[in-house]
Amino acid sequence: MLCCLDGVRVLEYTDTPAGAFCGKTLAALGAEVIKIEPPAGDPLRNRGPFFGDLPHRERSCAFFYLNLNKMGITLNLLAASGREILAQLAAKADVVIEDQLPDAARSAGLNPGRLLELNPRLVVGSVTPFGRTGPHSGYRAYPLNVYHSGGDGYLLQSGKDYLDREPVKGGGFAGEYEAAATYTLAVLAALRLANKTGVGRHVDVSKQEALMALNRTFMVRAANNESVESRMTRSYPYGGMLPCKDGAVVVQVPAQHMWQRLVAMMGNPAWAAEERFKDEDARTANSAAVNALLKEWLRNYTKDELIGMAREWSVPVAQVATAADVLSSEQLRARDFFAEVEHPVVGKVVAPSLHFLMAGVPSRATVPPPLLGQHNGDVFVDRLGYSNEDLAQLRCCGVI
Amino acid sequence: MQLPLEDVRILDFSQWVAGPEMGLLLSYLGAEVIKVESHERPDPTREKEQTERNNPESSILFSTMNVNKLSVTIDLKKRTGVELALRLATICDAVTENFRPGVMDKLGLSYEQFKAVNDRIVMVSVSGYGQTGPDAENVAFASVFGAVGGLSELTGYTDGPPMELRLPMDTAGGTSAAMALLAGLAYRDSTGRGTHVDFSASAMVSAYIGEYLLDYAANGRIASRKGNRDEAMAPHNCYRCQGTDRWISIAVGSETEWQALCRTLGKIEWLSDERFEDGFRRYQHQAELDQLIVAETRNYAAEDLMAKLQEAGVAAGLSASGADLCDDPHLRSRQTLLTLEHPVIGPRVVIGPPWKMSGVPEAPSRPAAFLGQHNEYVFGNLLGLSRGELEALAAEGVIANRGG
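Chains as they are written, first to last, in the working numbering: chain A, 251 to 650; chain B, 893 to 1296.
Just so you know, these hints were derived from the structure itself, not from any lab.
Cβ atoms here follow ideal geometry from the backbone N, Cα and C, with glycine treated the same way.
Mixed in with the good hints there might be a few duds.
Claimed, not checked - Distance condition first, Cα-Cα at most 30 Å in a straight line; then the derived DSS-like pairs of lysine-lysine:
hint: 1; chain 1: B; residue 1: LYS940; chain 2: A; residue 2: LYS528
hint: 2; chain 1: A; residue 1: LYS446; chain 2: B; residue 2: LYS940
hint: 3; chain 1: B; residue 1: LYS969; chain 2: A; residue 2: LYS528
hint: 4; chain 1: B; residue 1: LYS940; chain 2: A; residue 2: LYS545
What the hints assert, rightly or not - Label-pair distances were calculated between CB atoms; the ranges are:
hint: 5; chain 1: B; residue 1: PRO1026; chain 2: A; residue 2: ALA532; range: 32 to 40 Å
hint: 6; chain 1: A; residue 1: ALA609; chain 2: B; residue 2: GLU1195; range: 34 to 42 Å
hint: 7; chain 1: A; residue 1: SER537; chain 2: B; residue 2: ILE1114; range: 30 to 38 Å
hint: 8; chain 1: B; residue 1: ARG992; chain 2: A; residue 2: ARG614; range: 29 to 37 Å
hint: 9; chain 1: B; residue 1: ARG1113; chain 2: A; residue 2: ASP554; range: 47 to 55 Å
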């Protein structure tokens, strides 16, 4: 983890990957992130896959990954005493991040207006499926619904054989991670403003808007009286996901000089000189013909052979990597993308760290995710001054 | 200070989509973004989606990606051009670029060179693989990061090929790189020292499938495509509704939601069907369940069913098209879309900042600039070059105004 945000204190109350990934990023950048979980634990702890396929609240791969470098406490925010402790913590924090629907946030004492009264320098960041205002602000949405609400599912195309099938979402929690980046950006911006002016803010990020913005050229076509893109109508440029001898590769050649290099890499076949392939417009208009010719050539080579040639000729051709390929990637290893952490229950784990490097910024070792309630003593006793007896009582009463 | 980045000036050498998305988002936060191009090498997106043939000022793609930015022209192949760019860096807080690694160095515009003239500069370099490592110099575009990073393999129908991922891979890269720039700026603000952020778009994609990487590392399992399916929830899919290509996504995560779904669809009998008696059974029988659900959903308009199911507490929403989003009363109430008047393209609806901040005034929004439109303002007013110096640079062909 990097030390960019040293001294920044963050409280996190989240149960979606978008919220947790924001906290993960802030923690990886050096902030102190205290994750607040209900006494029964973040529901994500119950999500598979589990390390060793052993279902256990400390063994969820998703929980592990999304909570690296954080501290963890338990607190029942539905109890008045829990909300009182939250208020004490919020008074000393720089940032609160939460991902609850507005009603749930209010019942948990996470009302942004109230938190800002309590601590006027605080940044309160909310990320919800549809944002905190507007007629859909209370709509329920799981990651599936969120992904499709942003419009990308309607566009994702698997080729002409699949056009009558249902729209599908991006793999895994793709939409949640993508929305988390927008959320983290907005939170960091508000934090900068708070540092400069002494005035905190409420940041309201809608996952739907964050995802919609990623397709910013397509999503506004109807509003500009242009034809609406869908899986059916979407222009299908030449190249794309194409089969080769032992699988598939991706080919994307959006500029003329790259096309020329691709053609040279293929040994300058005669067809490449034809008028119907002369420029981007012509090739797009004849994309089926281009792809038929590309496929005929590609099927003679393996992925590895193609990637080797592509590197030599500077052509954008790439392998469709599996998790195994990613783990063994020389490129990622050369950039220290994987950090090794030792977890008291799971043991040694290799986990992805930040995807960018920052020259000259000091770094610290990656810390495993918190066990449920691991830092209750540090936070409640050492920082807030509760006694160990208080702690026992709070525990018996279901507050922590 | 009213906007988070109103004291931040960015010298932006980026082109195509990923880099420009970063500058666009930062401009929505109040940064002054100076986009550098040249007549010899304008941003290639100026050639795409032109509303007027061969008019680089009429590109819808360029104008969408470059809202708010100032435009200057500098011929970076000339020594004087490089010196001018370095001089500009002395009055900037950040430098952004997304050339292939090595290109900026060859131009004489490496991080070390910027640092030598301004040690507080935060430079962000976005590339497909990062600036270092064996693959660093490979050419990469959106579909390449999506595939190499491992997300294509996970995206698509269970019985279909991996999907090619396009524009959102670039823009997600730009968004995350903007976030990384703010991290760099936080470091600069607190220590007084700049930094070089070396951003890898394919590593970002890998970071977005982190839990599957742990699953492989720990359990040796190579995850593959699951369509719309979840690890645990069922039903969990998109279902066809009335009309052409209309779909609703429905996800059920609890017993309460399951009961609400059955009641809303008028299918109380599903509640006593032993195939669906608990979450585990529903997961086991989800293919059959999907068939039953779609037989019901196809009788509804997607919007009506969404409202009904939401009313009952079921997570349901459209698989939205661009038209749905442009017409959505919810998004309208949040003023997600802005209309800008572009001098060549005309009025154009664009997507505004995807966040709201209490007490922060609305972000500035100007249409994209013409090539070199702000040469005089940037080189003259901001940098303080005299008229004579500007004329000399123009005569030498280092900067050129429109038609120049």
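So, going through the hints one by one against the coordinates:
no.: 1; hint: LYS940/B / LYS528/A; in the structure: 16 Å, holds
no.: 2; hint: LYS446/A / LYS940/B; in the structure: 41 Å, violated
no.: 3; hint: LYS969/B / LYS528/A; in the structure: 29 Å, holds
no.: 4; hint: LYS940/B / LYS545/A; in the structure: 26 Å, holds
no.: 5; hint: PRO1026/B / ALA532/A: 32 to 40 Å; in the structure: 36 Å, holds
no.: 6; hint: ALA609/A / GLU1195/B: 34 to 42 Å; in the structure: 51 Å, violated
no.: 7; hint: SER537/A / ILE1114/B: 30 to 38 Å; in the structure: 31 Å, holds
no.: 8; hint: ARG992/B / ARG614/A: 29 to 37 Å; in the structure: 32 Å, holds
no.: 9; hint: ARG1113/B / ASP554/A: 47 to 55 Å; in the structure: 23 Å, violated
In summary, the structure is inconsistent with hints 2, 6, 9 from the numbered list given earlier, while agreeing with the others.
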